[in-house]
Amino acid sequence: MSEKVYTIIPAPRRETIRSMIKRGERVDGRGPDQYRELKVDTGIAGNADGSAKVSLGHTKVVAGVKVSLGQPYPDAPAAGVLIVHAELIPLASPIFEPGPPDENDVELARVIDRGLRSASAIKLEDMSVIPGKQVWRVFVDIYPIDHDGNFIDASGLAAMAALLNTRVPKLSVTPDGTVTRAEEKVPLPINDIPVFVTFAKIGDVLVVDPCYEEELVMDARVTFAITKSGNVCAIQKGGRGSFTPEEILKALDTAQRLAPELCAQLEAAAHRV
Amino acid sequence: MSEKVYTIIPAPRRETIRSMIKRGERVDGRGPDQYRELKVDTGIAGNADGSAKVSLGHTKVVAGVKVSLGQPYPDAPAAGVLIVHAELIPLASPIFEPGPPDENDVELARVIDRGLRSASAIKLEDMSVIPGKQVWRVFVDIYPIDHDGNFIDASGLAAMAALLNTRVPKLSVTPDGTVTRAEEKVPLPINDIPVFVTFAKIGDVLVVDPCYEEELVMDARVTFAITKSGNVCAIQKGGRGSFTPEEILKALDTAQRLAPELCAQLEAAAHRV
Amino acid sequence: MSEKVYTIIPAPRRETIRSMIKRGERVDGRGPDQYRELKVDTGIAGNADGSAKVSLGHTKVVAGVKVSLGQPYPDAPAAGVLIVHAELIPLASPIFEPGPPDENDVELARVIDRGLRSASAIKLEDMSVIPGKQVWRVFVDIYPIDHDGNFIDASGLAAMAALLNTRVPKLSVTPDGTVTRAEEKVPLPINDIPVFVTFAKIGDVLVVDPCYEEELVMDARVTFAITKSGNVCAIQKGGRGSFTPEEILKALDTAQRLAPELCAQLEAAAHRV
Amino acid sequence: MEKANVKLLTEDGRRIDGRGLNELRKFRVEAGVLKNADGSAYIELGRNKIMVAVYGPKEVHPRHEALPDRMLLRCRYSMLPFSVADERKSPSPTRREVEISKVIREALEPAIFLEEYPRTSTDVFIEVIEADGSTRVASITAAAVALADAGIPMKDLVVGVSIGKIEGRLAIDLSGIEDQRGEGDMPIALMPRLNEITLLQADGSFSRDEIAQALQMVREAAIKLYEEQRRALKDRYSKLPVEVEIT
Amino acid sequence: MEKANVKLLTEDGRRIDGRGLNELRKFRVEAGVLKNADGSAYIELGRNKIMVAVYGPKEVHPRHEALPDRMLLRCRYSMLPFSVADERKSPSPTRREVEISKVIREALEPAIFLEEYPRTSTDVFIEVIEADGSTRVASITAAAVALADAGIPMKDLVVGVSIGKIEGRLAIDLSGIEDQRGEGDMPIALMPRLNEITLLQADGSFSRDEIAQALQMVREAAIKLYEEQRRALKDRYSKLPVEVEIT
Amino acid sequence: MEKANVKLLTEDGRRIDGRGLNELRKFRVEAGVLKNADGSAYIELGRNKIMVAVYGPKEVHPRHEALPDRMLLRCRYSMLPFSVADERKSPSPTRREVEISKVIREALEPAIFLEEYPRTSTDVFIEVIEADGSTRVASITAAAVALADAGIPMKDLVVGVSIGKIEGRLAIDLSGIEDQRGEGDMPIALMPRLNEITLLQADGSFSRDEIAQALQMVREAAIKLYEEQRRALKDRYSKLPVEVEIT
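So the protein lines, in turn, are chains A, B, C, D, E and F.
Heads up: the first sequence begins at 1 in this note's numbering, then just goes up one per residue.
Heads up: the second sequence begins at 1001 in this note's numbering, then just goes up one per residue.
Heads up: the third sequence begins at 2001 in this note's numbering, then just goes up one per residue.
Heads up: the fourth sequence begins at 3001 in this note's numbering, then just goes up one per residue.
Heads up: the fifth sequence begins at 4001 in this note's numbering, then just goes up one per residue.
Heads up: the sixth sequence begins at 5001 in this note's numbering, then just goes up one per residue.
There may be inaccurate statements among the hints.
With a straight-line cut-off of 20 Å between C-alpha atoms, the simulated DMTMM-like cross-links for lysine to aspartate or glutamate are [stated by the list, open to error]:
#1 C:LYS2250 <-> F:GLU5023
#2 E:LYS4035 <-> C:GLU2103
#3 F:LYS5035 <-> A:ASP28
#4 E:LYS4007 <-> E:GLU4227
#5 B:LYS1133 <-> D:GLU3245
#6 F:LYS5035 <-> A:GLU215
#7 B:LYS1185 <-> D:ASP3086
#8 F:LYS5035 <-> A:ASP41
#9 B:LYS1039 <-> D:ASP3086
#10 D:LYS3035 <-> B:GLU1125
It should be emphasised that the hints constitute simulated quantities derived from the structure, not laboratory data.
Note that the structure is predicted; figures quoted are calculated from it, not measured.
Please work from the sequences and hints to get the whole structure.
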């Protein structure tokens, strides 16, 4: 229930970064609205049904998808099931500790989950096999392997890339309810490709795609998940600071401007397979 | 497995209270055998099937009942199921810590459970729907919201008040085993109304319904659950001290004398609904 | 994930023991290849389906077996199920702490499990009742009660003795799948009697069946599970040190020499019932 | 919970419970309702009933969690097992409760002068007794009052309001059924005097203009709740103690 | 465990196992049966077999649990998975075991001069190897011996005896089947020389007179167990060490 | 996983994937592949893909775990939920992972000059991204490189190789299917220059001669992996940083 006490950054370094930001400069030379280079590799985990590795600068995240047949949720008997799990493992950073998921793991997974779900990224209603009895269950597991800030975006992009990479056996169901798996595999019924764009507020400046040092000195952050149509399908504010309404709307404008390029890269990576 | 180390009371205050008690006085002006004013509100939680808030002086406890259809226990296939859960949440007192139930939570729930069960407060054998398959499951959840001593009695009274307040849908079962819920709701099959009466032993004096400061200085406590007929359906001794047989019997006499009035108040509250 | 920090032995005592060992002497007067006296009592826990108490010098372990009908594992639908559980309870030694199983409990149980399983100690394939639906599930629970070193061997011997002592009801299955339990009880289908022989490496010397003080000063240990035919069915190296290939083979020779006597004692104890 | 053919909005713009789109449910806030807590508050918002206790500022336990430069704020949001409409909720914290505890804490922190009490902690305990939509924002509204009641120095109160989308229209203060069957939910918290947003979440589908409009609508509703917060705190100091009736 | 037509009492007042109402089952206590523990004891009471180890007084770990004015007593009662009559018991502590651990601790504390060893702790570990009713009171009888064996200064020993109601009559020392099918169970522990009650629980239905009678009956039975406790401790010091046979 | 009629060995001594009995799968090791870790390595062995990070030596946290005379080595081996062939693995540590973490730690410790950094700790984190048999030994091979990359002083590297029995013959470096359907598995780790065995486990059935032969065969295979370890470390220092491609 209490915040994770992150590594304290030395006060002089903190001040340096904050005054750079004030002058419109960033530690890695980017402009305030400049996203780091996104790199997407898919199919990196051969036992998964879909997988991807995403790099945002030094931040690296792997995501894998496993699908299996199972029971639907009682409140949606004719829909597939989507379960998103994320774990900030200590391999990726000295600030992550081993142990059961803490609030940061849970928040990360739930934000990605909301973005995917609100955008209907997967048409879950097309993933029912025998309504009320058997549906596809889609597990998305997200693991950072190197942490240099902005895990939310990297995780969301990796999750979406892994879903785009996923292939499931074609099924046929006889009238008496016998399910047969064909050799042939088909992609998931993808409906939209939401992407996540996060801003850090440092003093009075908003910077997109913060790196780790920027996260250490930021006052607050806000993330938008943006659909292909440009609509917002999820928002999450975090951190001990606040935003003016104008700041929110300005950040949203930038997010909407950046989203199509991120989405295009995910699509391109999917087609490279 | 070790006792919860409660807030230490300053030694002078401790001595003051103990010598008052020795003189037959109590911190809140009551006599040794005087119960605090009991206040019972029912129906306080609209999503519960039954609920109550009980005040004993400043001690406040809420209890809620949820009923649902489910499987019976294998050793009682034709009986409803009663499950009592209590949690000493930190909202109610600085001495309660967040986390999974500790020995105090477990003891509290189990004592209430034994009192209700031994008295057959609910006729569980009348709560079977399809023997061996479907029975009513009755969950009683007890949460203190302000702690000024004697949680056992307040919890037991709140649990019983919530059960008296509970309404469940009338069911009809067709010969082929289809269960239909009517709109009409009926009370639980109440068989008895056990009440709980707790004594603190402080030096050589027994006082009923101890307040928090008395609990801090007490040597031991003993609780009796008393049925409408005046029989004892549960006893629980607690604390690091001991009782003579005579003290036990004397306390029991007082408990039997006080019980009818407590029971009457529960019934009155039930009828106020 | 980190080693349990065991009681530190005072440095002078440590040196004494290590130099004794170097001279071929042991704290309890044994030779390097001498096993302590093994004592096996069976049927010590009347509610278990099989049980045994094993003493190796002051080391004492009880093991109990419970069998019940249940579902098979999906990957072995026509085989019984064997589950081994061990817990280094604090009753047995000040170095064991209460709490959920740690790596030492898990390793112990898994090594015993591997030895029993690899030797096919029980013919699990003969313990299916209705293939895919009902099989015998065999739970072996191992608890030390006094710890003077070499828990692995004592535990393995206790587990095997308890299995040899186990009796299960004879079952009959009608063609429609009704299972009836006869009054008559029969032994488990025992196929082999693996025994465990552990060595401690202290300096350059290997000693068999180490006592507690020897474990405190040892560099490494290695355990062999040996079948009746003399084959190795499990090995486990432990500890911060290493072994030369020659040391391994020398220890194995000793283990193979000692095993038949240990096995014979288990069989004798089983026949004493 | 099938998304059945329930119309959430009549043709003349009335909601299931008769409210207009811009209308809050009936609400009531009381301060100082618990004896043990250093500060406390109780809120009713429609059928929601939520109790909040604040303990602090106090020594941090365990000690190594203490922060050298500011107060450690901790927050636990939890729903009583019988507070929910459907099946009994398990008493152990769900992932939803873990996340909400975090965002509530981060919604309260901007309003507190944390640096005035370095090396201390303050705990905020929130128990939902009855839930009917928008519990996290109602919890924030009550928690801000409980913090003030505890004497924690604050820049401003914090008010939480949810806004959602039902039948394509923005609507203030979603009820349980509107949350379940509507097209989107956006819980917002703000400091009403400073007009700074301290909590912002959303799911569903919102255009840029809808978000701009939502931020405006929420502010108006927040002012009404803010007045109730202030009334509750004022009453708290005139008549001690408040005996709250959970009705 | 259906409450079948088993008669627990014959017409001439004999119980299923042939005992009279006032009769204890066969019992045996041994002290000093473990090498590592600072004190230990083993009890057989009918088919019950229970092992107790005591470690202490020793430094408290973790240190912040230490008490400035007295010894911290900790107690863990646990049943081995194969100790029970029916299905294997899961090895993780049940709610029943948690509660029994607490009441056993509170049954032992009154007999110990806790204030003689401030800032220390003593741990009592109880493992039930075979269970047949009345395990908690048998555990107390053995634990008191193990504490004495460890040299913990005590005002008196503690003896546990259960009393129950079968076919409307009070009966001493309930067996498993009597506990399950009888009409009530009242586990009691007392300090036999001081005649002070240190554990008292009950479920079932008892009148005031029955309770008075129970307290009397228990005392007589306790004296017999007390003599066995003393014999065990005496033997312990005459022939060291005791090798216990679990038979 | 039925043990179906799959022949693991052709008549001319070829294995399912075409290898000879004494042949390792294709392998690749890279050092220094992560930015945050003090040392890191990545290994591919057949289809196995494993990432290792080393943090240390550093202050021990919690402090009471520090050892006065040597470094505390901690090790966590874990499989990502999607790394396995069958159903998704639950993310919480299995008993298998707990045991493997322990034996890997004990396979690495003999190679480290632990006494050079008393009161410090070093953490080894191992994540299996794709698993196809022999993951524990492949993890050890990579972990040794990651430790060296972190500058931890070592007597020797450690190389892990599994050997197993398929169709009655000993075979090096078992794949997943060979492990499942073969007659025995013997994971071994050794310090290649010192020829000391640091990990040795087995299940299945092995004669004394087979074990002697296995220890010999493993040593030859280990030398090849050792050369790859050294190449990776050498490359690490010539071209910084290594961007690893998970292919």
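We went through each hint and held it up to the structure:
1. C:LYS2250 <-> F:GLU5023: Judged against 20 Å, a Cα distance of about 28 Å means the pair is violated.
2. E:LYS4035 <-> C:GLU2103: With a Cα-Cα distance of about 25 Å, the restraint between LYS4035 (chain E) and GLU2103 (chain C) is violated, given a limit of 20 Å.
3. F:LYS5035 <-> A:ASP28: With a Cα-Cα distance of about 15 Å, the restraint between LYS5035 (chain F) and ASP28 (chain A) holds, given a limit of 20 Å.
4. E:LYS4007 <-> E:GLU4227: Violated: LYS4007 (chain E) and GLU4227 (chain E) sit about 33 Å apart, past 20 Å.
5. B:LYS1133 <-> D:GLU3245: violated, 41 Å
6. F:LYS5035 <-> A:GLU215: holds, 17 Å
7. B:LYS1185 <-> D:ASP3086: holds, 17 Å
8. F:LYS5035 <-> A:ASP41: Roughly 19 Å between the alpha carbons, so the hint for LYS5035 (chain F) and ASP41 (chain A) holds.
9. B:LYS1039 <-> D:ASP3086: violated, 29 Å
10. D:LYS3035 <-> B:GLU1125: At roughly 42 Å apart (the allowed maximum being 20 Å), GLU1125 (chain B) and LYS3035 (chain D) break the hint.
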